[in-house]
Amino acid sequence: MEKSWFEIEMVGSAFQSRWSTCSDTANLVAQVLSLDSPDSQRFASQVSSITNELFELAFRTGRCAGTLKVNAGAPEGGIFFQLEFDAGDNVRRIVSEVEQARLAGMNQYLELLGREEAAPTLLSLIELTVVHKVSLAVRDLGQMRVGLDASLHRVMEE
Amino acid sequence: MSTTAFSVWYDEHDQQVHLKGALQPVGPGPETRAVEEAISRGAASPGKVLYIAAKRLTALNTMGLQMLACTLQKVARENPGKKFRVVTTSVIPWSYPRLAPLQQLHENILVETYDQDFYPGQSLFEDGAFVSALRAQTKMTWRHEKSLVEGILKPGAAVADICCGIGDFAMHLKKTFSPGRLVAVDHAKRSLDYARAMAEEFGVDGIEFQVGDAASLLLPDDTFDVVFCRHSLQVFDRPMEILSEIVRICKPGGTVYVTNEKNSHCLGEPFGESIQWTYNQVALIWAHFKMDIELGPKQKAMMMASGLQDVRNVQFVVSTEDDGGHPRVREEFAEVIRSWEESYCRWASKKGSDGNYLDRLRQGFRDHQQAILRPNGYATWPVWAGIGKKPQRGT
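Protein chains in written order, with numbering that gives the first Met the number 0: chain A, 0 to 157; chain B, 0 to 394.
Bound-form chain A, shown alone:
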């Protein structure tokens, strides 16, 4: 496992008290991870775009309990990002959706993108893998907690 640059631990109910916490936290994470980048604002914009989707997933599926933990780092132009939270009965669904996203291709992404009733969590996971080329993994941590691991070898295209 990559060495973590920093960790954040938040009370789940506080995290889920306001939707804008997702983008605020994503922006904070992105700013820290971009510190070493020569084009830091663009790097941060890209990272925030990715991590915001994972925070939004935690917001939609979390059960306002326990803690939300973040571990993240940005080694050599890439990033890794780990999120753990209490998902209650949604753990199985998250595991399933991550597995679907890992196998999905552009056709499935387009089909969901153009459908109003598509599940937002599945669509965002597929967008991460298909468009952003993020590698996703999921861990059932027991006690209704779930861990999501996202990594990207190179954040900025040359």
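I should point out that these hints are in silico values taken from the structure, not numbers from a laboratory.
Quick caveat, the model's predicted, so the values are computed rather than measured.
C-beta: ideal position from N, C-alpha, C; glycine also.
Warning: the hint list may mix true and false statements.
Stretch-level coverage of chain A by chain B, calculated; a stretch enters the list once three of its residues show a Cβ under 8 Å from a Cβ in chain B [said to hold, decoys possible]: (1) 44 to 55; (2) 77 to 85; (3) 120 to 132.
Simulated DEER-style distance windows between Cβ atoms [stated by the list, open to error]: (4) B:H287 with A:M105: 30 to 36 Å; (5) A:F5 with B:G150: 37 to 43 Å; (6) A:S19 with B:D236: 29 to 35 Å; (7) B:D322 with A:E6: 44 to 50 Å; (8) A:A118 with B:K82: 40 to 46 Å; (9) B:G150 with A:A13: 42 to 48 Å; (10) A:T20 with B:G179: 25 to 31 Å; (11) B:A99 with A:E75: 25 to 31 Å; (12) A:A13 with B:A300: 41 to 47 Å; (13) A:E98 with B:S39: 50 to 56 Å; (14) A:L34 with B:D309: 33 to 39 Å; (15) A:G76 with B:E272: 58 to 64 Å.
With the hints as your guide, set chain B onto chain A.
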């Protein structure tokens, strides 16, 4: 990151739906309805193309993207004779990759990256000749600006130089004042490459050169003690948009510093009449390309309208008398005018001016150079520095 609130509007004059700020809805709501309404209005307009300008969309979540996809797909099906062109930017790295799949939803939805038109005259400034003009200009103005900057820059300050061009002003700031943080932003990647190379060559560390769009900066609100934006509002067709971004990233209580010119006030003797004619024409040439080289004196009102307080508009005059009238000064000044001659005559030619006009235009510049280089000649170039404070919260 920029935290600009989301806004969307349809502009019937340019047949564009403008998306600006962060579109990150939790679900259907006022923001998504506003997007649907603006796109539907645009779709109902008589033109054959509707542009969806996403150049200034600084954040977008999947929910927002899906809503955009469904809306565009719907209007494209309902208006089969109309094209929907989504315009993205390379400044925001996710912009094209995330929006490009929209074009696979319907044959009349097209997605493109549009980086040559941040402002109408952009291509005029990004040619080699103007780079040389910029370098010489900064050398001349720094003699005057140094003391103005001294009055507003405290040790350790966080500073931004927006529209930094080739970074020479940022280099002066770094070498002379060594601010705590110095971010220099420009849209032209070529200029920034040059700036980085110059900084490295001169051993100047710690300037954060960033690619950015001045009308939609990625920098966070309330971040900098001093924000500079020199000779740039005059270049944009919508200077208030830039000014509002500059004010946004300035800390409450911080200072905004802008400079602009009024070229019709450039003087020279002898040959005063010829010089005057040419610089009056320069103002018209700039206006043709939707730029305002006469903006300097007007900037005080603009700064006050953007919410800045204690605004001063200080005129300083680059002249043949600078530095005790040293011959080197005259040489540098003439170099600036030579660069203007080359660039502005090319612009006039692009505008469609005829040969006689171009000859007379060029003659005015040459007369100006003569006035500068003659030991008994006199010439000036006036610049206005607008300095204002961002109000503290609650004031």
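Okay, which hints does this one fail, numbers in order?
-> The structure breaks hints 2, 4, 7, 8, 13; every other hint is satisfied.
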